[in-house]
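All chains should be built: construct the whole structure from the sequences, respecting the hints.
Next come the chains, spelled out residue by residue.
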Amino acid sequence: MSASPAEYSVNEMMIAASARQLEGEKVCFVGIGPPNIACNLARRTVTPDLELVYEAGVYGADPQRLPLSIGDPTLVTGAVSVTSMFEIFSFYLQRGLIDVAFLGASQIDRFGNINTTVIGGYDEPKVRLPGSGGACEISINANRVFVIMPQSRRSFVEEVDFVTSPGHLAGRRPAEWLGGGPYVVVTGLGIYRFGDDGVMYLSRMHPGVTVEQVQANTGWDIRLSRDLVLTDPPSELELNLMRNELDPEGIYTR
Amino acid sequence: MSASPAEYSVNEMMIAASARQLEGEKVCFVGIGPPNIACNLARRTVTPDLELVYEAGVYGADPQRLPLSIGDPTLVTGAVSVTSMFEIFSFYLQRGLIDVAFLGASQIDRFGNINTTVIGGYDEPKVRLPGSGGACEISINANRVFVIMPQSRRSFVEEVDFVTSPGHLAGRRPAEWLGGGPYVVVTGLGIYRFGDDGVMYLSRMHPGVTVEQVQANTGWDIRLSRDLVLTDPPSELELNLMRNELDPEGIYTR
Amino acid sequence: MSHGGPDGGQEGGKVTSMHDAVAGLVGDGDTVAIEGFTHLICFAAGHEIIRQGKRDLTLCRMTPDVIYDQMIAAGVASKLVFSWLGNPGVGSLHAIRRRVERSDPAPLELEEYSHFGMVSRYTAGASGLPFMPLRSYHSSDLPKVNPRIVELESPYGDGVVYAVPPLNPDVSIVHVQRADKDGNCHVWGFLGCQKEAAFAARKVIVVCEELVDGRVIRSDPNRTVIPGLVVDAVVAEPRACHPSFAQGYYDRDNRFYVAWDSISRDPAKLEAWLEEWVYALGSHKDYLAKMGAEAWARLTPDRCLSEPVDYGAYSPG
Amino acid sequence: MSHGGPDGGQEGGKVTSMHDAVAGLVGDGDTVAIEGFTHLICFAAGHEIIRQGKRDLTLCRMTPDVIYDQMIAAGVASKLVFSWLGNPGVGSLHAIRRRVERSDPAPLELEEYSHFGMVSRYTAGASGLPFMPLRSYHSSDLPKVNPRIVELESPYGDGVVYAVPPLNPDVSIVHVQRADKDGNCHVWGFLGCQKEAAFAARKVIVVCEELVDGRVIRSDPNRTVIPGLVVDAVVAEPRACHPSFAQGYYDRDNRFYVAWDSISRDPAKLEAWLEEWVYALGSHKDYLAKMGAEAWARLTPDRCLSEPVDYGAYSPG
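Chains as they are written, first to last, in this note's numbering: chain A, 300 to 553; chain B, 300 to 553; chain C, 297 to 613; chain D, 297 to 613.
Calculated from the structure, these hints are not laboratory results. Virtual Cβ for every residue (Gly too), placed ideally from N, Cα, C. Hints may be right or wrong, so weigh each one.
[Said to hold, decoys possible] Partial chain A-side listing against chain C, Cβ under 10 Å, derived:
1. Pro372
2. Thr376
3. Pro424
4. Val426
5. Ser438
6. Ile439
7. Gly487
8. Tyr500
9. Pro506
10. Gly507
11. Pro532
12. Leu536
This is the structure we're talking about:
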């Protein structure tokens, strides 16, 4: 049984769709907020053996509650391994052991280049954003990058104000980069993938969304998959887990 | 009360003299064998607070028995810190935290350049020696290097067959090297220091040794200190500690 | 095992008060790192720096967090070296944003890296290396705005990496769970950059939850993250990380992090908060008294002990 | 806490026998590292490699130690990568010396570093870096005989360091005190390069003193030195390090190290030793039975337990 569009929020759809993308993945570098809920939802549905890596220094976390911060003590107690941040970045990420990593984005362009640094100029920013954190090296070294972000003309832009984390550049990544770059982008409207030329295309639309709506919220001429299909709406199981276990206060899902 | 020459061995004199050189030192990188006995003797005499660092990964060892190997479990139990070898070499040695380090030598020249690699040519060695171990980086990064070694025309040579660990080169060490290089050499015959030009000179002779004997066991014209004095013979306390506590089987001292 | 608080019989060594440690070791104009990645962030040290009116500091931290928002609002710093600027899990640090976006009330110089860049800078500093190589920054705009991030060809001809320079703070302040009077420290849970920041610094202040006998440290030498060798002062200041946390001792006070958002949006409210919770108090003990004991019931976890390990007693054979 | 030996109820996971681990993962011509710096040297794995008649291996170890003298005498290797070649605390490794000094019975190729160089090579390999910089080798003859050690200018114009290339063994074999069936490992005492060698390798065999429940590992995640993520096989083989040691489990058998000197001086005695203690035995269990129980009384230390730490139980609040 699936819920009808009225019965779930845009964020619930986005997170459920993200979780399903993790099927078959083994080691996931988790960010806080929606990625964290998506990963924990995936562990309870499509991929129970998913190992969670947090940049704070954890491999194999087994959180007993939903961590609010990326550095919550519940990520430590009962984990497989806690190590220095140098080792997480060197021995896990840079060694190529991370299958998939989640990134958020304030702005993204058609090549998956991501800005989380500033809106406006760097020296006189209109809005000062948090900056890279680990995103720059994650985008270069993780085998596949999954992006979760809200979609609008302000976030899906023709040109990002600042490249914090490189995507497919203008279509080609140098051979010495370990990772494959952005692999999928999940928004409140649909699921995007990248062609061989590194350009983003709409792969799936969420129920109730139209192509016109997608284009209206994209700052460039969006390319469509030839076999564009609809995302399945969140299942009752997915909704129950999000609402009762993973985010009972609805901080990220409502 | 001091013992007369007949009452102690050459090695006991050498080790007692080495231990006294540690007065005022704080952090010492210890090698196995005579250096290990000298350091533990110093902790019981001239410098009770000397902290022992072993390249196997120990800072602040408190051995309850004399370790035969540089990696004896008694160096771990009750130590202040046990860490990876990468950190011992990076965070302690290369960071400049090692005041004094002991090295042995199969051959040494007047500039304190040390060979522990081969006698003869590298590709067709007459004798294959152990090689560097940590000696090469110790000689470059420790604040002061103390050398303990037996002295003869085969060990005090005009030119070493292989420079494993650089000393004062031909008189000058580059500014980017952290450490000061060889500071003192203790043998069975005397104690040597280095002039401003990086050349070794005889600073003290052990009791019963003559200058002729020193020269006969040196492969170059040895320079003498203008105020050459005699080493004090091993004290009863030093001898008792070596014979009853530190090396009761006499492996290194007899 | 005998624990001793600051009044509990652990005399001598490097033990001192937070006031004296900060007064003696932190100077105007210094480069200061209060590290701890979400965990073990020593808020009490930051508050003491504010109280003593230090000026013109260069503050370093991977994640400036709420404590640097407070310190920068209080005017102690002219420059920030960092890699992620936010209130983790909540949103923005508004006092810092005002200074960066509008020079309000004064400009703040930024020197910006990624997390791996900052970690590598501390590691190079701790290792006595002139640089550390890493695979990051390719085609990012970060090197364009920070000329200290430079390209470097592999000497084996197999491609390009980037380099960052060492970071050697004048003073690093690190919080730990257990220390002895000589500054030998046990740390568990997230280690952040506490070790690297300590080895990299010229002077180190250790603040601990518990001052323990040296025998406790020596019972588990593999747990020793920082040796007293690099430590200049030891301050026993329990609960000094609130609203950050100390694994096994107290939880992160998420309510405070959420509440800070509205406080820091409003300069007047922020100033009033500093007045009430920092300037008007003499020490962290006053802060704890003002918080009241009840808050800690909510923040104190149940016990969850590690399995011990056997080091073996190797005596003369 | 529930321990389980190989027959003790720990089914599944990556658990296998030493025979099957070596047969399945070590191939002729492979680059193999059996690491462990004086501590945790897995002699039993070396003996199994000899028994299976592997050939043309490139053997890597900082300190070849007695086990590589045995393996090289048995003819399994054509090349040695190392930094200190000796019988620690005793003297020479005579079988290796014969091959190096007199090509007796065959030449042995050497690739030689210093300890820090080898440590840095494993670290570069574990870190996915094309090189690691270090302050060593200046004016030493080592770079002259090993062209892989190269000079490198700091990109900040502040001098020259040296670089070494990554070492990525085909197979690393590491001994640990505790592992669970997935290969998550607790290690204490000297850590050597066990972690770096494991992360650097393409395939990893973990040999453990005790196969423990995963809950034991998870009770102390900061003690986990190697995660199962990089481990391919787990072999429960108690006392597999003799005559090396396992901290807290058994002492170094110094008598054996001393005795090896006269055995290895004489090729005939060495061959007889290999016949008696390796070829004639089917497994390490046979070796232990042949040693007899009495030897272990001398080698077993008294207990000396670490103070536990409290991780705290942080449940839904």
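Handout entry: Hints the structure fails to honour
Key = 7, 8, 9, 10, 11, 12
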